[in-house]
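Chemist: Residues per chain, in single letters:
There are 2 protein chains.
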Amino acid sequence: MLVVKKFGGSSVANPERIKRVAKRVVEEHQRGNQVVVTVSAMGDTTDDLIALMKQVTNNPSEREMDMLLSTGEQVSIALLSMAIRDLGSDVISLTGAQVGIYTDDVHTKAKILKIETSRVMAELNEGRVVVVAGFQGINPNNDITTLGRGGSDTTAVALAAALQADVCEIFTDVDGVYTADPRVVPGASKLSHISYDEMLELASLGAQVLHPRSVELAKQYGIPIHVRTSFNYSEGTIVEEAPNMENAPVVSGVAHDYNVAKIGLFDVPDKPGVAMKIFKALSAQNINVDMIIQSAMRNSMNDIGFTVTQDDLRKTLLTIEAIQEEVGFKGYTHDEDVAKVSIVGAGMISHPGVAADMFETLAEEGINLEMITTSEIKVSCVIKRSETEKAVRALHKKFRLDNLEEAKNYAGIT
Amino acid sequence: MLVVKKFGGSSVANPERIKRVAKRVVEEHQRGNQVVVTVSAMGDTTDDLIALMKQVTNNPSEREMDMLLSTGEQVSIALLSMAIRDLGSDVISLTGAQVGIYTDDVHTKAKILKIETSRVMAELNEGRVVVVAGFQGINPNNDITTLGRGGSDTTAVALAAALQADVCEIFTDVDGVYTADPRVVPGASKLSHISYDEMLELASLGAQVLHPRSVELAKQYGIPIHVRTSFNYSEGTIVEEAPNMENAPVVSGVAHDYNVAKIGLFDVPDKPGVAMKIFKALSAQNINVDMIIQSAMRNSMNDIGFTVTQDDLRKTLLTIEAIQEEVGFKGYTHDEDVAKVSIVGAGMISHPGVAADMFETLAEEGINLEMITTSEIKVSCVIKRSETEKAVRALHKKFRLDNLEEAKNYAGIT
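Taken in sequence, the protein lines are chains A and B. So the first sequence is numbered by UniProt numbering: it starts at 1 and just counts up by one. So the second sequence is numbered by UniProt numbering: it starts at 1 and just counts up by one.
Note that these hints are calculated values from the structure, not bench results. Careful: at least some of the hints might be erroneous.
One copy or any two copies: either way a pair holds, since identical chains are not told apart in the list.
The calculated lysine to any residue pairs, modelled on SDA-like cross-linking and capped at a C-alpha distance of 25 angstroms, are [to be verified]: (1) 23 to 61; (2) 390 to 20; (3) 114 to 142; (4) 111 to 142.
All chains should be built: construct the whole structure from the sequences, respecting the hints.
Modeler: If you want it as structure tokens, here you go:
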């Protein structure tokens, strides 16, 4: 079996933890498996390098930032390889350039184009553990690039795809994907399996276990991802193509997200191209619009509501003011005192009553729904911020997620 | 003009110093010259990495040590490039691998085999300053190697040779090569020029300005080295092929070295192969023997004396004991209470009275000579340690080195 294992920065934050990771890797290797390990920079290394950089310049070239930051993973792979060798496995470390992780040339947020497998395969066939620097590659000009957010997860999945690995294990500080945030719902269950699409919806909703980018890549190449903790040996959650869908719970999880702000535009002229103008202006400012709702017209005027992250709110309001005259809407409101609650489940496709069950449950709790959007495997509602936990608990109970065997029996019974 | 500049770890020890180096580089670039800069790791970075490593393992693979330590220079080149760009010069940093500094595969002390110039020349021709990581290269297997002691000086000189640079400037914390250690001889003069051979003799004698390895390389390719300080703009010392030898001082400098231990072997059988056996055994232990003296025979027995560094003394004595029976010498002594004093000068070749002058001067001071060796451009004496400073001052005065114009007039007048 060929296994790719990825350990994040907190798993290799100090020499003790590096040795613990090494032990885990060597155990796998000594079971007779081929093992490729990819690691991030140790703990705060990246932040330390950025702090040092800021003492030199406030306006760094992105190419040189990549040159600087890529040293963090290089230190990790060298130290981890030393620790693995001490425990008796033959091992070699490789930088992104040495592997041949080719990317485009967008420094600080490069995309992987192709991974050369010959060096890694040759080392594996020599019986070595191969330790690869995460987060980095080289562009066609032979310059070092970094992959930006979620980069080390992406390295791991891309390596697994290129090497046709049997599984890609992502070690984090949580032990799997839960049906809800255990801090909100103490009885939340750990999911043993989840589909790529469900994981994507959960990840983008704030369950920050796996970066969506790596999930998309895993889905594209059909690589199973095993999300588990580096702190113990318990099984985590396997993310894969919808397995046994007939037997899966209809709803897999309840997610919530506080980083939401709601904007309403009043009396927007109802003519072609108006929505386009608004959202193009926001997109030009790199503002990511999430939910969008356009109400029924009255007097040839519409109301348009949408949500953005709270971080983007100020920029959003400035953009709206700038285009108000041109677009011709009468006014706008905004509200930060909101949150988004969602249910996610691949089974919803074949159980049409699920959305209605959600609305009923929230109504029974006296919670007002300010916005609603639905996709094939997700229903999201914007509600008052203070009612978030109550909503999550009620939904978790409604869909019987504290007991996954029971949850499978749920079938849209309202 | 194409200039290669090398800045050591203390010159780039913190952001302030990095900015100062950047200013100096940009001034050169803005004078219209092509500039290649090579730098070491910042200040204590290498020591810090080694300390971190020791928390992981006591027995690191040398390949992984190179992987680890080479990050130090990579951080330096990124930060220096950022600082240079801030001051208005276009610039690019390159690792040893990116330049194509090809070495053998002796990790931690690799030798440069070849330098690819195409990337560096292309960047220079784009008008960029090129900042190259010192101390590192890649072996034929595409693995990162480091060059060991004096590695960054060697990178600079090898780059200068490969690029056919006009000069290689080595910036250190001293402002040039002096006729004696100014702490011992306050009136010591700074030499404006010195030959490669003289520099080699001085460097190996403890005037630790330039590593002998880089001087040898510069001599081989005829690259002038300008040794100067990064703390001010004064001219330093130019090391080059013996310039105007007729007009150079006969003696260029007086060096001393405290890191010397003297060993004497008594009654060594006078038959072929005996000296070979002794020094082969020492060499097998990586002990560097410096001076060797074999006295005239009596009763078909010899006395053999030699010196090693004090660091190697213990290992030397163990080795001698181990071979005593086989070689058949009667006994041995050792003495650490000694030092070596030398005079170096290319002009000595044509002035045969210089050695005699040295002996006379030391005799006048009442200093006993325990061992003597001579080469074409050097005479070295082992003396009692406590008399070192007196010896150096007397010799410096004798050869008129406090005034280099006068020193040129000295011509072996005893």
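Chemist: Compare the structure with the hints numbered earlier in the document and write down the numbers of the violated ones, lowest to highest.
Modeler: The structure conflicts with hint 2 only, although it agrees with all the remaining ones.
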